[in-house]
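Same order as they appear, the protein sequences are chains G and H. The first sequence begins at 4 in this note's numbering and counts up by one. The second sequence begins at 4 in this note's numbering and counts up by one.
Simulated from the structure, these hints should not be mistaken for lab results. The beta carbon of each residue, even a glycine, is placed where N, CA and C say it ideally should be. Treat each hint with caution, since some may be false.
Said to hold, decoys possible - Cβ-Cβ distance ranges computed for the label pairs, FRET-style:
| id | chain 1 | residue 1 | chain 2 | residue 2 | range |
| --- | --- | --- | --- | --- | --- |
| 1 | H | Lys-190 | G | Lys-398 | 55 to 63 Å |
| 2 | G | Lys-392 | H | Lys-250 | 51 to 59 Å |
| 3 | G | Arg-30 | H | Gln-151 | 31 to 39 Å |
| 4 | H | Phe-37 | G | Glu-301 | 24 to 32 Å |
| 5 | G | Lys-398 | H | Lys-250 | 53 to 61 Å |
| 6 | H | Glu-330 | G | Lys-392 | 26 to 34 Å |
| 7 | G | Asn-225 | H | Arg-452 | 56 to 64 Å |
| 8 | H | Arg-30 | G | Lys-190 | 53 to 61 Å |
| 9 | G | Phe-116 | H | Val-310 | 55 to 63 Å |
| 10 | G | Arg-178 | H | Phe-37 | 37 to 45 Å |
Said to hold, decoys possible - Each computed DSS-like pair below joins lysine-lysine, with the alpha-carbon atoms no more than 27 Å apart:
| id | chain 1 | residue 1 | chain 2 | residue 2 |
| --- | --- | --- | --- | --- |
| 11 | H | Lys-13 | G | Lys-146 |
| 12 | H | Lys-33 | G | Lys-75 |
| 13 | G | Lys-128 | H | Lys-146 |
| 14 | G | Lys-21 | H | Lys-84 |
| 15 | G | Lys-21 | H | Lys-420 |
| 16 | G | Lys-146 | H | Lys-146 |
| 17 | G | Lys-250 | H | Lys-75 |
| 18 | G | Lys-228 | H | Lys-191 |
| 19 | G | Lys-420 | H | Lys-191 |
Claimed, not checked - Looking from chain H toward chain G, a few residues come up when the C-beta cut is under 7 Å (computed):
| id | residue |
| --- | --- |
| 20 | Gln-65 |
| 21 | Ser-69 |
| 22 | His-145 |
| 23 | Asp-179 |
| 24 | Ala-192 |
| 25 | Gly-313 |
| 26 | Gly-417 |
There are 2 protein chains.
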Amino acid sequence: MIDIRELYLKYKDIKEVKLIARVRNNRQGKVVSFLILNDGTTLNDVQVVYKTDTKGYQEAIQARVSSIVEIKGNIILTPGKQQEFEIQAEEIVLLDQAIEEYPLQKKEHSPEFLREISHLRARTKTFQAIFRIRSIAAFAIHKFFQEQNYVYVNTPIITGNDAEGAGESFIVSTRDDANYEEDFFAKKASLTVSGQLHGEAYAQAFKNIYTFGPTFRAENSNTSKHAAEFWMIEPEMAFCDLNENLKIIEDLVRYTINYIFENAKEELDFCNSNLEEGLIEKLNTVRNSKFAINTYEEVIEILKDAVKNGHSFEESNIEFGLDLGTEHERFICEVVNKCPTFVTNYPKEIKAFYMKQNSDNKTVAAADLLVPGIGELVGGSQREDDFEKIIQRCKEMGIEPEDLDWYNELRNYGYYKSAGFGLGFERLIMYVTGASNIRDVISFPRTPRNLIF
Amino acid sequence: MIDIRELYLKYKDIKEVKLIARVRNNRQGKVVSFLILNDGTTLNDVQVVYKTDTKGYQEAIQARVSSIVEIKGNIILTPGKQQEFEIQAEEIVLLDQAIEEYPLQKKEHSPEFLREISHLRARTKTFQAIFRIRSIAAFAIHKFFQEQNYVYVNTPIITGNDAEGAGESFIVSTRDDANYEEDFFAKKASLTVSGQLHGEAYAQAFKNIYTFGPTFRAENSNTSKHAAEFWMIEPEMAFCDLNENLKIIEDLVRYTINYIFENAKEELDFCNSNLEEGLIEKLNTVRNSKFAINTYEEVIEILKDAVKNGHSFEESNIEFGLDLGTEHERFICEVVNKCPTFVTNYPKEIKAFYMKQNSDNKTVAAADLLVPGIGELVGGSQREDDFEKIIQRCKEMGIEPEDLDWYNELRNYGYYKSAGFGLGFERLIMYVTGASNIRDVISFPRTPRNLIF
């Protein structure tokens with residue numbers, strides 16, 4: 004047995020093949036008939052030629068789309084044709100016949116329809132490309148960190164911290180009466196919105212750590228960029244400041260893109276042709292140029308000037324303190340800089356309590372990475388290392404410091420510069436595949452009022 | 004700046020060093036004083052020698068355990084001494100002083116006490132060893148599958164499938180009145196107990212896939228092997244039968260152990276000395292010998308004989324149909340075979356509905372891998388490929404087939420032999436580190452009535 008990926012690597016050197024694959028198409032002619040097969044190991048299909056005297060012909064002509072067949076045959080090189088080779092069948096066995104009502108017959112389907120059959124859509128070329136790139140990107144991220152001696156930490160999914168302020172969270176319970184004291188954990192439990200706080204504790208132990216796991220938001224927002232369940236990568240580095248943090252973010256994004264070019268070029272080409280024109284060119288630019296850096300204050304000035312010069316935003320009231328919207332983020336990286344852009348030193352009021360206050364007393368050592376087409380891809384910061392200051396920021400932002408005792412107290416046990424970031428994995432996959440909806444880069448998407456499978 | 008791991012690789016070739024690290028111990032003498040430092044990048048500490056004329060001496064003598072210091076100094080080779088080199092300090096800066104009440108002073112702590120400070124315990128050598136091995140094992144598993152073109156699939160954590168029968172599940176909600184129709188997903192939602200069903204759908208698309216993510220059980224069992232939240236690896240291979248499945252399990256376990264030997268030998272040695280005597284020997288046996296295979300029926304005969312010969316089990320009523328307990332599992336692999344053992348072809352009544360029925364009509368094509376000290380490490384099976392039979396098994400086992408329509412119907416769309424398994428990641432880490440409690444191999448363990456941090 005050979006799989007089709009291997010066959011494409013070796014077809015020049017072998018003559019006889021035996022393989023099992025799924026029927027994509029079965030076309031009968033009077034003299035010769037054709038099976039188009041795929042086994043999921045590569046985007047490429049294989050064409051099998053069979054005739055009335057092929058053993059198993061009567062079974063073969065019955066084989067419907069999505070059936071599984073076993074082929075024994077010979078490789079015929081076909082230089083100049085669309086495919087470099089085909090298989091002349093000697094024997095065909097119909098291993099399992101698909102029913103006629105298979106929903107993915109050969110025609111175009113809308114993304115909306117395909118989301119309703121998430122258990123089948125990965126069989127289409129578009130989703131084959133997207134999900135193989137997703138898999139390869141995940142491995143690239145692990146490889147990047149492991150090569151640099153980072154420790155992968157599985158921070159908890161169920162958490163008792165209800166206080167991080169990163170967004171609405173789901174309750175986890177075994178009861179239907181909200182009596183949490185009698186519940187499984189004897190207290191209220193939630194699904195994590197971030198592994199960062201736990202990650203920080205581990206960075207104090209291992210210097211450099213990263214998480215890569217699912218996170219959750221119970222936010223009722225039906226946009227193309229939000230899902231209730233998504234995966235995040237959250238590295239944390241002790242003895243590291245904001246500038247070093249930016250360098251690590253840039254290295255990680257570039258390393259991942261390079262790895263995808265090296266290991267999923269066919270899939271990228273497919274995305275370039277079918278999902279985003281110019282995708283490869285866009286990614287090549289990222290591979291070959293430094294990211295731009297603007298302070299938040301510079302961004303505000305740029306946006307003010309743009310409004311003055313007639314550019315209209317939905318939110319045109321641009322003042323220091325504004326929480327940048329996607330329209331502003333995209334304007335900065337798409338129109339002004341035309342490349343991924345770090346925005347640094349945001350007003351402390353619009354950022355989280357744990358970010359290090361700058362000496363100006365109004366901004367924090369935060370940085371978001373904005374990328375064309377997406378907006379925010381990464382959010383990071385250096386963390387507040389002063390115990391008194393972080394307690395004060397908790398109070399100012401309405402968080403009970405007691406709820407995060409263990410976290411804040413890390414500052415009392417020897418704590419010198421810690422920085423880290425959160426990279427939204429689905430947004431990265433949207434960026435590198437050109438997929439325009441987060442529902443199309445996660446296997447079984449979870450969004451408001453939508454929980455099938 | 005150099006980190007201590009790098010320093011241990013290069014100390015013979017460099018003279019001057021500058022590093023930042025945490026104080027493990029600070030011992031003042033009349034003439035010379037000693038700082039023992041660690042930065043988390045390696046198990047190894049570094050000894051720094053300083054004197055009254057060292058710049059920063061007054062700060063240095065104040066530095067408490069867990070404080071952060073910066074050292075500038077020279078490498079002095081000390082062949083024959085306990086460590087191969089030490090640093091003669093030229094300058095010491097106390098970057099951040101720890102408070103006196105730091106809970107991890109230099110003395111032995113019980114595992115129970117350390118679990119109460121899960122945010123700090125990773126700073127001890129035991130947990131440094133365990134969690135670095137965990138990280139490296141996770142990467143080995145990804146590497147094993149990626150090298151063989153498997154696609155990593157993030158199956159959903161929140162699921163609407165309430166019917167898999169793999170154990171009690173947690174409810175996920177945004178409400179406290181159990182009105183699930185008005186809830187976030189407009190239906191009842193749970194935390195996944197397994198990614199297998201979704202993984203099977205993806206194996207039909209990509210041939211070979213694997214998951215690696217958190218799974219959950221709301222089971223009120225307080226044992227050393229059960230946690231409410233744990234990570235699983237669930238590969239699924241289309242066109243694969245039970246025998247090939249066993250080979251993949253064995254290859255994966257052996258590959259992971261080999262990778263740990265190559266990349267975390269110091270940590271293994273530490274575990275061998277401190278957690279399980281004979282650990283290295285045990286793992287070497289696994290690396291160098293084939294796993295045993297017994298059918299369930301053989302196991303029943305072996306256990307019956309053992310009882311007859313005077314061995315006593317808590318459950319001594321050994322008959323075909325018995326759901327093997329940990330005592331039986333451990334007896335088979337520890338006493339009888341003295342090596343990891345596959346038990347195959349279990350009675351269908353004690354296994355899941357989706358397992359392929361054997362032609363004897365009483366067993367299924369299942370296999371568990373039992374390992375010494377742990378019991379069940381892996382559970383796997385070939386899946387039922389016949390639509391009618393799987394529907395019938397659902398009904399026999401009290402599962403509404405309609406609740407799993409999408410899953411069962413995969414059998415109608417071309418489905419030929421699919422097999423896979425679930426590997427409990429924490430149990431693997433217990434096995435390879437010698438840790439005896441699952442709470443000590445997961446960063447922030449979640450167990451009944453226990454949700455701190």
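How the hints compare with the structure:
no., hint, verdict
1, Lys-190(H) <-> Lys-398(G): 55 to 63 Å, "violated (39 Å)"
2, Lys-392(G) <-> Lys-250(H): 51 to 59 Å, "holds (58 Å)"
3, Arg-30(G) <-> Gln-151(H): 31 to 39 Å, "holds (33 Å)"
4, Phe-37(H) <-> Glu-301(G): 24 to 32 Å, "violated (50 Å)"
5, Lys-398(G) <-> Lys-250(H): 53 to 61 Å, "holds (60 Å)"
6, Glu-330(H) <-> Lys-392(G): 26 to 34 Å, "violated (56 Å)"
7, Asn-225(G) <-> Arg-452(H): 56 to 64 Å, "violated (38 Å)"
8, Arg-30(H) <-> Lys-190(G): 53 to 61 Å, "violated (43 Å)"
9, Phe-116(G) <-> Val-310(H): 55 to 63 Å, "holds (60 Å)"
10, Arg-178(G) <-> Phe-37(H): 37 to 45 Å, "violated (56 Å)"
11, Lys-13(H) <-> Lys-146(G), "holds (23 Å)"
12, Lys-33(H) <-> Lys-75(G), "violated (85 Å)"
13, Lys-128(G) <-> Lys-146(H), "holds (25 Å)"
14, Lys-21(G) <-> Lys-84(H), "violated (64 Å)"
15, Lys-21(G) <-> Lys-420(H), "holds (17 Å)"
16, Lys-146(G) <-> Lys-146(H), "holds (9 Å)"
17, Lys-250(G) <-> Lys-75(H), "holds (25 Å)"
18, Lys-228(G) <-> Lys-191(H), "holds (24 Å)"
19, Lys-420(G) <-> Lys-191(H), "violated (44 Å)"
20, Gln-65, "violated (13 Å)"
21, Ser-69, "holds (4 Å)"
22, His-145, "holds (6 Å)"
23, Asp-179, "holds (3 Å)"
24, Ala-192, "holds (6 Å)"
25, Gly-313, "violated (42 Å)"
26, Gly-417, "holds (4 Å)"
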